[in-house]
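*Asks:* Since the structure of chain Z is already known, use the hints to place chain A on it.
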Amino acid sequence: QQPVQSPQAVILREGEDAVINCSSSKALYSVHWYRQKHGEAPVFLMILLKGGEQKGHEKISASFNEKKQQSSLYLTASQLSYSGTYFCGRTGTGGGADGLTFGKGTHLIIQP
Amino acid sequence: DAGVIQSPRHEVTEMGQEVTLRCKPISGHNSLFWYRQTMMRGLELLIYFNNNVPIDDSGMPEDRFSAKMPNASFSTLKIQPSEPRDSAVYFCASTQVGYGYTFGSGTRLTVV
Chain Z
-18 QQPVQSPQAV ILREGEDAVI NCSSSKALYS VHWYRQKHGE APVFLMILLK
32 GGEQKGHEKI SASFNEKKQQ SSLYLTASQL SYSGTYFCGR TGTGGGADGL
82 TFGKGTHLII QP
Chain A
19 DAGVIQSPRH EVTEMGQEVT LRCKPISGHN SLFWYRQTMM RGLELLIYFN
69 NNVPIDDSGM PEDRFSAKMP NASFSTLKIQ PSEPRDSAVY FCASTQVGYG
119 YTFGSGTRLT VV
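Read top to bottom, the protein sequences are chains Z and A. Everything in the first sequence is counted per the working numbering, starting at -18 for the first residue and increasing by one. Everything in the second sequence is counted per the working numbering, starting at 19 for the first residue and increasing by one.
Chain Z extracted, bound-state conformation (with noise of 0.2 Å):
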């Protein structure tokens, strides 16, 4: 089953923050993020895994909550590059040896 995420698009401005949602039904073991600009392969930008830590590198932090099987991903005063969708993907057990199921994206448009 599906993750669900939350909103479906969003349009910002240059420099304003973001908040993209990401939910289960089924248990979450780890939870990927990854942004897929148009016409291009999904690109890595983190994994958490259990124990609700939050990591990041730059502006792009994202925090997982098992207890409540959820994973928000935050984007900190946007910039142009950001523009592209965005998948979680989650596994059930395993860590990643079985596969990610991912949700159907958020789509960020970043404005000038």
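The reader is advised that the hints may include incorrect statements.
[To be verified] Capping the alpha-carbon separation at 20 Å, the derived lysine to any residue pairs in SDA-like fashion look like this:
no., chain 1, residue 1, chain 2, residue 2
1, Z, Lys85, A, Ser25
2, Z, Lys85, A, His28
3, Z, Lys7, Z, Thr66
4, Z, Lys85, A, Gly34
5, Z, Lys7, A, Asp74
6, A, Lys42, A, Arg27
7, Z, Lys18, A, Thr56
8, A, Lys96, A, Ala85
9, A, Lys42, Z, Phe25
10, Z, Lys18, A, Met58
11, Z, Lys7, A, Ser76
12, Z, Lys7, A, Glu62
13, A, Lys96, A, Val107
14, Z, Lys85, A, Met78
15, A, Lys86, Z, Asp79
16, Z, Lys18, A, Gly60
17, Z, Lys18, A, Arg59
18, Z, Lys18, A, Gly21
19, Z, Lys85, A, Val115
20, Z, Lys18, A, Val107
21, Z, Lys85, A, Met58
22, A, Lys42, Z, Val24
23, Z, Lys18, A, Thr120
24, Z, Lys31, A, Val115
25, Z, Lys31, Z, Ser5
26, Z, Lys7, Z, Val24
27, Z, Lys85, A, Glu62
28, Z, Lys31, A, Gly116
29, Z, Lys18, Z, Thr66
30, Z, Lys85, Z, Ala8
31, Z, Lys18, A, His28
32, Z, Lys18, A, Asn89
It should be emphasised that the hints constitute simulated quantities derived from the structure, not laboratory data. The structure presented is a predicted model; accordingly, all values stated were derived computationally and were not measured.
*Replies:* Same frame as chain Z, but now just chain A:
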């Protein structure tokens, strides 16, 4: 590292023809995944291999689809016979357990 290499980049074929998509994973990655992406269904996991062994092919839509991984550096996805509804972008991805996926550039398949 050259990344995950897929061929061909584009394939146009007539309905009923056999189509073979190829993938070379990153050296040292022990898991390989085949995904299909369409506007309607998003990113769908078709099949994945761990250490060259097929683990779960429940995502393969029909018996017309088959996949092999004869060694650690090569995998194929075959569609025989192809149908117009198979038109999509097919991605191959590889990883090590606990790490993010690296996707290939994809094969855009058009069946006319």
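*Asks:* All hints, please: hold or fail.
*Replies:* Hints, verified against the model:
no. : hint               : result
1   : Z:Lys85 - A:Ser25  : violated, 26 Å
2   : Z:Lys85 - A:His28  : violated, 24 Å
3   : Z:Lys7 - Z:Thr66   : violated, 23 Å
4   : Z:Lys85 - A:Gly34  : violated, 30 Å
5   : Z:Lys7 - A:Asp74   : holds, 18 Å
6   : A:Lys42 - A:Arg27  : holds, 13 Å
7   : Z:Lys18 - A:Thr56  : holds, 15 Å
8   : A:Lys96 - A:Ala85  : holds, 6 Å
9   : A:Lys42 - Z:Phe25  : holds, 18 Å
10  : Z:Lys18 - A:Met58  : holds, 17 Å
11  : Z:Lys7 - A:Ser76   : holds, 18 Å
12  : Z:Lys7 - A:Glu62   : holds, 17 Å
13  : A:Lys96 - A:Val107 : holds, 14 Å
14  : Z:Lys85 - A:Met78  : holds, 19 Å
15  : A:Lys86 - Z:Asp79  : holds, 17 Å
16  : Z:Lys18 - A:Gly60  : holds, 14 Å
17  : Z:Lys18 - A:Arg59  : holds, 18 Å
18  : Z:Lys18 - A:Gly21  : holds, 18 Å
19  : Z:Lys85 - A:Val115 : violated, 24 Å
20  : Z:Lys18 - A:Val107 : holds, 14 Å
21  : Z:Lys85 - A:Met58  : holds, 9 Å
22  : A:Lys42 - Z:Val24  : holds, 17 Å
23  : Z:Lys18 - A:Thr120 : holds, 15 Å
24  : Z:Lys31 - A:Val115 : holds, 15 Å
25  : Z:Lys31 - Z:Ser5   : holds, 14 Å
26  : Z:Lys7 - Z:Val24   : violated, 24 Å
27  : Z:Lys85 - A:Glu62  : holds, 10 Å
28  : Z:Lys31 - A:Gly116 : holds, 12 Å
29  : Z:Lys18 - Z:Thr66  : holds, 6 Å
30  : Z:Lys85 - Z:Ala8   : holds, 18 Å
31  : Z:Lys18 - A:His28  : holds, 18 Å
32  : Z:Lys18 - A:Asn89  : violated, 31 Å
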